Amino acid sequence: MRPSPARLLNILVPVKRAVDYAVKIRVNPQQTGVDLNVKHSMNPFDEIAVEEAVRIRERLPKGSEPVNITALTIGPPKSIETLRTALAMGADTAIHVEIPESAPAPEPLGVAKAIRAIIEKHKDKEGVDMVILGKQSIDDDLGQTGQMIAGLLGWGQATYASKIDLNLEQKNAVVTREIDGGLEQVRVKFPMIITTDLRLNEPRYASLPNIMKAKKKPVTKLTPADLGVSFEPQMEILKVTEPPKRVGGAKVESVDELVEKLKAAGFNAV
Amino acid sequence: MPLDLGAKGSCQIGGNVSTNAGGLRLLRYGSLHGSVLGLEVVLPDGTILDQLTTLRKDNTGYDLKQLFIGAEGTLGIITGVSILTPPAPQASNNVILALPRFENVLPLYKTVKRQLSEILSAFEFIDRTAYDLAVKHGQGRALSEEDVEGAECFVLVETSGGRREHDEEKLNNLLESLLEADEPLINTGVMAQNPAQFSSLWALREGVTEAVSKEGKAYKYDISVPLSTFKECVDLTRERLRSKGLLNEAQVKAVIGYGHVGDGNLHLNVIAKAYTPEIQDALEPFVYELVASHRGSVSAEHGIGAMKTHALHYSKDETSIAWMKKIKAIFDPNGIMNPGKVLE
Numbered sequence: 000m001r002p003s004p005a006r007l008l009n010i011l012v013p014v015k016r017a018v019d020y021a022v023k024i025r026v027n028p029q030q031t032g033v034d035l036n037v038k039h040s041m042n043p044f045d046e047i048a049v050e051e052a053v054r055i056r057e058r059l060p061k062g063s064e065p066v067n068i069t070a071l072t073i074g075p076p077k078s079i080e081t082l083r084t085a086l087a088m089g090a091d092t093a094i095h096v097e098i099p100e101s102a103p104a105p106e107p108l109g110v111a112k113a114i115r116a117i118i119e120k121h122k123d124k125e126g127v128d129m130v131i132l133g134k135q136s137i138d139d140d141l142g143q144t145g146q147m148i149a150g151l152l153g154w155g156q157a158t159y160a161s162k163i164d165l166n167l168e169q170k171n172a173v174v175t176r177e178i179d180g181g182l183e184q185v186r187v188k189f190p191m192i193i194t195t196d197l198r199l200n201e202p203r204y205a206s207l208p209n210i211m212k213a214k215k216k217p218v219t220k221l222t223p224a225d226l227g228v229s230f231e232p233q234m235e236i237l238k239v240t241e242p243p244k245r246v247g248g249a250k251v252e253s254v255d256e257l258v259e260k261l262k263a264a265g266f267n268a269v
Numbered sequence: 000m001p002l003d004l005g006a007k008g009s010c011q012i013g014g015n016v017s018t019n020a021g022g023l024r025l026l027r028y029g030s031l032h033g034s035v036l037g038l039e040v041v042l043p044d045g046t047i048l049d050q051l052t053t054l055r056k057d058n059t060g061y062d063l064k065q066l067f068i069g070a071e072g073t074l075g076i077i078t079g080v081s082i083l084t085p086p087a088p089q090a091s092n093n094v095i096l097a098l099p100r101f102e103n104v105l106p107l108y109k110t111v112k113r114q115l116s117e118i119l120s121a122f123e124f125i126d127r128t129a130y131d132l133a134v135k136h137g138q139g140r141a142l143s144e145e146d147v148e149g150a151e152c153f154v155l156v157e158t159s160g161g162r163r164e165h166d167e168e169k170l171n172n173l174l175e176s177l178l179e180a181d182e183p184l185i186n187t188g189v190m191a192q193n194p195a196q197f198s199s200l201w202a203l204r205e206g207v208t209e210a211v212s213k214e215g216k217a218y219k220y221d222i223s224v225p226l227s228t229f230k231e232c233v234d235l236t237r238e239r240l241r242s243k244g245l246l247n248e249a250q251v252k253a254v255i256g257y258g259h260v261g262d263g264n265l266h267l268n269v270i271a272k273a274y275t276p277e278i279q280d281a282l283e284p285f286v287y288e289l290v291a292s293h294r295g296s297v298s299a300e301h302g303i304g305a306m307k308t309h310a311l312h313y314s315k316d317e318t319s320i321a322w323m324k325k326i327k328a329i330f331d332p333n334g335i336m337n338p339g340k341v342l343e
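Taken in order, these protein sequences are the chains called A and B. Counting from 0, one number per residue, gives the positions in the first sequence under numbering that gives the first Met the number 0. Counting from 0, one number per residue, gives the positions in the second sequence under numbering that gives the first Met the number 0.
These are calculated hints, taken from the structure and not from any lab test. These numbers come from a predicted model, not from an experiment. A virtual CB, placed ideally from N, CA and C, is assigned to each residue, including glycine. A few of these clues could be false.
Cross-link-like lysine-lysine pairs, in silico, DSSO-like; alpha carbons within 27 Å at most [as the list claims (entries may be wrong)]:
hint	chain 1	residue 1	chain 2	residue 2
1	A	Lys-216	B	Lys-135
2	A	Lys-162	B	Lys-135
3	A	Lys-220	A	Lys-124
The following residues of chain B were derived to be distant from chain A, with all beta-carbon distances above 10 Å [unchecked claim]:
hint	residue
4	Gln-250
5	Pro-276
6	His-309
7	Phe-330
With the hints as extra help, turn the sequences into a complete structure.
Right, dumping it as structure tokens:
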């Protein structure tokens, strides 16, 4: 037997089950949301987060600190599929905070508080060193969860990451961020929050042996009550509508007619 | 539409029927000889042959419409089609399996077919050279190094069914039994986790054609041979080119095999730097004779057209060709319909 490692690098990866991006979105007749009876999969940005966590482990030289990756999701019973995907990609354990199928979708603040509660529970054993999550989920596009967790915990954050360089000795990471003007590099100390952008990596296919192994990996089930949090919505959705349908163009006979039509449509020469 | 093929973006239904196009889902939905229920055809003399019925069963004399399916426009012009359309599947999934040996394809096909039965909708074969070529030319995201290591060929399995949970359970049971077998037929494999990966896995197979044209000038053979001889056909062709001293970067770059295992249809492609008479002579009639020796077909799903009329006799005997000519003469005595195609 090898001696058990003194210290693990613990990475927590929150993931969300969302309507797949390839699905054509339809607004429901009551205009309260979109039709959810469609194909769901892991939020693509979260998939990038899982991939990055696995790559961090693969990049470390053999024999250095072992990495423990925990995937976490908050959602209805079906969200377990998303956790299985994360486990098949390489996460070691998973936590499922289960809410009823009919419950409204949790909002970023509720999610951030739940993640804080989980991190605090972890403190007794091995503390979480790093939370990697998508910069936003593609269903509600709110893009706030990562920042809120950092705020609640008082941790450093590097958002919109397109490259992550860890320095385990100095317990920090240099993260390249995609910003309007180009690329920005920030150094963040452990423990930290990183949110992922599209170009960070390209997630792998889940291999069959890993899919099979994933079925046997442990998934801890928790309720919001276990964590002392509530997902009661603080926002009220008034109405959801589709963007206006594109109206087909028409042919004009002459330049004069075109100019006339442009004028009628409110376009005037400057 | 009970038909899916690489050209789906540009082809037309009349052309599909005229050429009896096969494609990726023939395994599931059968050939157009079965799914076309009726046809309207304009005959060479201008009369309209109206067989545009929608009956599944109609045993009233000769089934004339069958003559026009796959006649490549040599007997008449198809102007109307009634076709049996199955409901679109509610759930689909796919996996790519890596096989250590080609010999495992046939037992694997049997196992997959037995276990997946009605939800199996495609079983496609790609040899290692074809896979490497597809990856080289950026057709779909490649599998990881360790997944492809030691693989001689790959198989893409697709399921389509009515209920996702049911299909996934079946597929998972199959994969589990494949991985846990004492003598596994597969090394490993990958399963699509979302629609994007589903398309990406398909792109590795469907993109072979495009990769071939990017790689060089292709001699393409679309043959039907017994499944057990797929590898032999590719290997013998490669050997033939090697023995003629043609297998090198400056002449023939690669000989690849891919295709529809379920239909016994192999696409044998020879990729050359340029078309040359030496390569042509090395390949023909060699390939045709090889096919004939297995009682195969020199054109499985692509048709005879103008290019392969001279090769028709490798798959059809004199009596058959003579009767084909008689039929052609009855419908088109003046030879005005697509002259030079199918029959010389």
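Each hint, compared with the structure:
1. A:Lys-216 - B:Lys-135: Cα-Cα ~36 Å, so violated.
2. A:Lys-162 - B:Lys-135: 25 Å, holds
3. A:Lys-220 - A:Lys-124: Answer holds: A:Lys-220 to A:Lys-124 is near 18 Å, not above 27 Å.
4. Gln-250: At about 36 Å from chain A, B:Gln-250 clears the 10 Å cut-off, so the statement holds.
5. Pro-276: 44 Å, holds
6. His-309: The assertion about B:His-309 holds, with a minimum of 45 Å to chain A.
7. Phe-330: The assertion about B:Phe-330 holds, with a minimum of 43 Å to chain A.
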